[in-house]
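Visitor: With the sequences and hints as input, model every part of the structure.
Residues in the sequence shown are numbered consecutively from 24, following our numbering.
By construction, these hints were calculated from the structure, which means they are not laboratory data. Be aware that one or more of the hints could be misleading.
[As the list claims (entries may be wrong)] Derived lysine to aspartate or glutamate pairs resembling EDC-like cross-links, with alpha carbons at most 20 Å apart:
1. Lys124 - Glu134
2. Lys124 - Glu70
3. Lys124 - Glu85
4. Lys124 - Glu185
5. Lys124 - Asp111
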Amino acid sequence: MTIERREPALNAGERAMLEGWLDYHRQTLAWKCEGLTDAQLRTQPLEPSELSLLGLVRHLSEVERFWFHEVLLGEDPGILYCTEEDPDGDFHFTEAATWDKTYAVWQDEIENARRNAAGLGLDDFSRGRSRSSGEAFNLRWIYTHMIEEYARHNGHADLIRERIDGATGD
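Guide: This is the structure in C-alpha coordinates:
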(Lines of atoms letter the chains of each structure in order from A and count residues from 1; the text may use other names and numbers.)
(Lines give C-alpha, C1' and ligand atoms only; values in the text may rest on other atoms or scores of the structure.)
Protein backbone atom coordinates (compact mmCIF):
# COMPACT_ATOMS: atom_id res chain seq x y z
CA MET A 1 0.00 0.00 0.00
CA THR A 2 1.31 3.43 -0.93
CA ILE A 3 -0.16 6.36 0.96
CA GLU A 4 -0.93 9.45 -1.07
CA ARG A 5 -1.36 12.65 0.87
CA ARG A 6 -3.32 15.42 -0.78
CA GLU A 7 -3.45 18.94 0.63
CA PRO A 8 -6.82 20.63 0.26
CA ALA A 9 -7.33 23.00 -2.62
CA LEU A 10 -6.12 26.51 -1.89
CA ASN A 11 -9.49 27.93 -2.87
CA ALA A 12 -11.79 25.35 -1.27
CA GLY A 13 -14.90 26.41 0.61
CA GLU A 14 -14.94 26.16 4.38
CA ARG A 15 -16.35 22.65 4.69
CA ALA A 16 -14.20 21.22 1.91
CA MET A 17 -11.18 22.90 3.53
CA LEU A 18 -11.91 21.44 6.97
CA GLU A 19 -12.63 17.97 5.61
CA GLY A 20 -9.59 18.20 3.35
CA TRP A 21 -7.23 19.07 6.18
CA LEU A 22 -8.68 16.35 8.38
CA ASP A 23 -8.18 13.80 5.61
CA TYR A 24 -4.65 15.10 5.01
CA HIS A 25 -3.76 14.50 8.65
CA ARG A 26 -5.38 11.05 8.59
CA GLN A 27 -3.27 10.24 5.54
CA THR A 28 -0.16 11.60 7.27
CA LEU A 29 -0.56 9.17 10.14
CA ALA A 30 -1.00 6.27 7.72
CA TRP A 31 2.11 7.45 5.86
CA LYS A 32 4.12 7.48 9.09
CA CYS A 33 3.17 3.82 9.61
CA GLU A 34 3.77 2.73 6.02
CA GLY A 35 6.33 0.01 5.38
CA LEU A 36 6.90 -1.01 8.99
CA THR A 37 6.46 -4.47 10.46
CA ASP A 38 3.93 -5.20 13.18
CA ALA A 39 6.81 -5.44 15.66
CA GLN A 40 8.10 -2.00 14.64
CA LEU A 41 4.60 -0.51 14.86
CA ARG A 42 4.25 -1.90 18.40
CA THR A 43 7.65 -0.48 19.43
CA GLN A 44 7.53 2.06 22.26
CA PRO A 45 10.88 3.79 21.67
CA LEU A 46 10.42 6.92 23.78
CA GLU A 47 10.69 5.68 27.36
CA PRO A 48 9.04 6.18 29.74
CA SER A 49 6.19 6.97 27.32
CA GLU A 50 3.99 4.12 26.14
CA LEU A 51 3.51 5.81 22.75
CA SER A 52 3.81 3.64 19.68
CA LEU A 53 2.61 4.07 16.12
CA LEU A 54 0.13 1.23 16.55
CA GLY A 55 -1.09 2.79 19.79
CA LEU A 56 -1.56 6.17 18.09
CA VAL A 57 -3.70 4.60 15.37
CA ARG A 58 -5.74 2.74 17.98
CA HIS A 59 -6.08 5.98 19.98
CA LEU A 60 -7.27 7.92 16.96
CA SER A 61 -9.79 5.19 16.18
CA GLU A 62 -11.18 5.80 19.67
CA VAL A 63 -11.14 9.57 19.09
CA GLU A 64 -13.00 9.26 15.77
CA ARG A 65 -15.60 7.07 17.46
CA PHE A 66 -15.99 9.40 20.43
CA TRP A 67 -16.42 12.65 18.52
CA PHE A 68 -18.46 11.42 15.55
CA HIS A 69 -20.66 8.92 17.39
CA GLU A 70 -20.86 9.68 21.09
CA VAL A 71 -20.66 13.47 20.87
CA LEU A 72 -22.04 14.30 17.42
CA LEU A 73 -24.93 11.82 17.42
CA GLY A 74 -25.31 11.29 21.16
CA GLU A 75 -24.93 7.51 20.65
CA ASP A 76 -23.11 4.99 22.77
CA PRO A 77 -21.25 2.88 20.20
CA GLY A 78 -19.41 0.84 22.81
CA ILE A 79 -15.70 0.66 23.39
CA LEU A 80 -12.88 -0.32 21.11
CA TYR A 81 -9.84 -0.57 23.35
CA CYS A 82 -10.24 1.62 26.45
CA THR A 83 -12.15 0.54 29.54
CA GLU A 84 -12.75 1.98 32.99
CA GLU A 85 -10.16 -0.47 34.28
CA ASP A 86 -7.69 0.48 31.53
CA PRO A 87 -8.43 3.99 30.25
CA ASP A 88 -5.23 3.84 28.16
CA GLY A 89 -6.12 0.49 26.61
CA ASP A 90 -5.50 1.90 23.15
CA PHE A 91 -1.78 1.93 24.04
CA HIS A 92 -1.82 -1.47 25.80
CA PHE A 93 -1.87 -4.42 23.45
CA THR A 94 -0.44 -7.85 22.84
CA GLU A 95 1.29 -9.52 19.93
CA ALA A 96 -2.20 -10.28 18.59
CA ALA A 97 -2.64 -6.59 17.75
CA THR A 98 -1.69 -6.38 14.09
CA TRP A 99 -1.47 -3.51 11.64
CA ASP A 100 -4.04 -5.12 9.35
CA LYS A 101 -6.66 -5.42 12.10
CA THR A 102 -5.89 -2.02 13.59
CA TYR A 103 -5.89 -0.29 10.21
CA ALA A 104 -9.24 -1.88 9.28
CA VAL A 105 -10.86 -0.68 12.53
CA TRP A 106 -9.42 2.82 12.02
CA GLN A 107 -10.69 3.02 8.44
CA ASP A 108 -14.14 1.82 9.56
CA GLU A 109 -14.24 4.57 12.18
CA ILE A 110 -13.18 7.16 9.60
CA GLU A 111 -15.92 6.02 7.19
CA ASN A 112 -18.48 6.09 10.02
CA ALA A 113 -17.34 9.60 10.93
CA ARG A 114 -17.77 10.78 7.33
CA ARG A 115 -21.21 9.20 7.10
CA ASN A 116 -22.35 10.65 10.45
CA ALA A 117 -21.25 14.17 9.51
CA ALA A 118 -22.44 14.07 5.88
CA GLY A 119 -26.00 15.21 6.45
CA LEU A 120 -25.12 17.99 8.89
CA GLY A 121 -24.10 21.59 8.33
CA LEU A 122 -21.10 23.18 9.99
CA ASP A 123 -23.41 25.19 12.26
CA ASP A 124 -25.46 22.15 13.32
CA PHE A 125 -25.02 21.18 16.95
CA SER A 126 -24.15 17.84 18.46
CA ARG A 127 -26.64 15.81 20.45
CA GLY A 128 -23.90 15.03 22.96
CA ARG A 129 -22.76 17.73 25.34
CA SER A 130 -19.50 18.96 26.80
CA ARG A 131 -18.72 17.16 30.06
CA SER A 132 -17.44 20.41 31.57
CA SER A 133 -19.86 23.08 30.34
CA GLY A 134 -22.91 21.08 29.27
CA GLU A 135 -22.91 22.89 25.94
CA ALA A 136 -23.30 21.28 22.53
CA PHE A 137 -20.54 21.47 19.91
CA ASN A 138 -21.14 22.57 16.35
CA LEU A 139 -19.72 20.41 13.58
CA ARG A 140 -17.19 23.13 12.70
CA TRP A 141 -15.74 22.89 16.22
CA ILE A 142 -15.55 19.09 16.00
CA TYR A 143 -13.73 19.23 12.65
CA THR A 144 -11.30 21.84 13.97
CA HIS A 145 -10.65 19.80 17.10
CA MET A 146 -10.06 16.63 15.06
CA ILE A 147 -7.52 18.45 12.87
CA GLU A 148 -5.74 19.60 16.03
CA GLU A 149 -5.87 16.10 17.52
CA TYR A 150 -4.34 14.50 14.44
CA ALA A 151 -1.75 17.26 13.97
CA ARG A 152 -0.55 16.89 17.56
CA HIS A 153 -0.31 13.12 17.34
CA ASN A 154 1.35 13.29 13.93
CA GLY A 155 4.14 15.19 15.67
CA HIS A 156 4.47 12.25 18.05
CA ALA A 157 4.41 9.88 15.06
CA ASP A 158 7.28 11.84 13.44
CA LEU A 159 9.46 11.30 16.49
CA ILE A 160 8.54 7.65 16.89
CA ARG A 161 9.16 6.86 13.22
CA GLU A 162 12.51 8.63 13.23
CA ARG A 163 13.52 6.68 16.34
CA ILE A 164 12.50 3.35 14.74
CA ASP A 165 14.25 3.63 11.39
CA GLY A 166 15.53 7.16 10.90
CA ALA A 167 12.79 8.09 8.42
CA THR A 168 11.80 11.74 8.54
CA GLY A 169 9.48 13.91 6.54
CA ASP A 170 6.85 16.57 6.85
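Visitor: Work down the list of hints and note, for each, if the structure agrees.
Guide: Against the structure, the hints:
no.: 1; hint: Lys124 - Glu134; result: holds (16 Å)
no.: 2; hint: Lys124 - Glu70; result: violated (26 Å)
no.: 3; hint: Lys124 - Glu85; result: holds (14 Å)
no.: 4; hint: Lys124 - Glu185; result: violated (24 Å)
no.: 5; hint: Lys124 - Asp111; result: holds (19 Å)
Hints 2, 4 from the earlier list are contradicted by this structure; the remaining hints agree with it.
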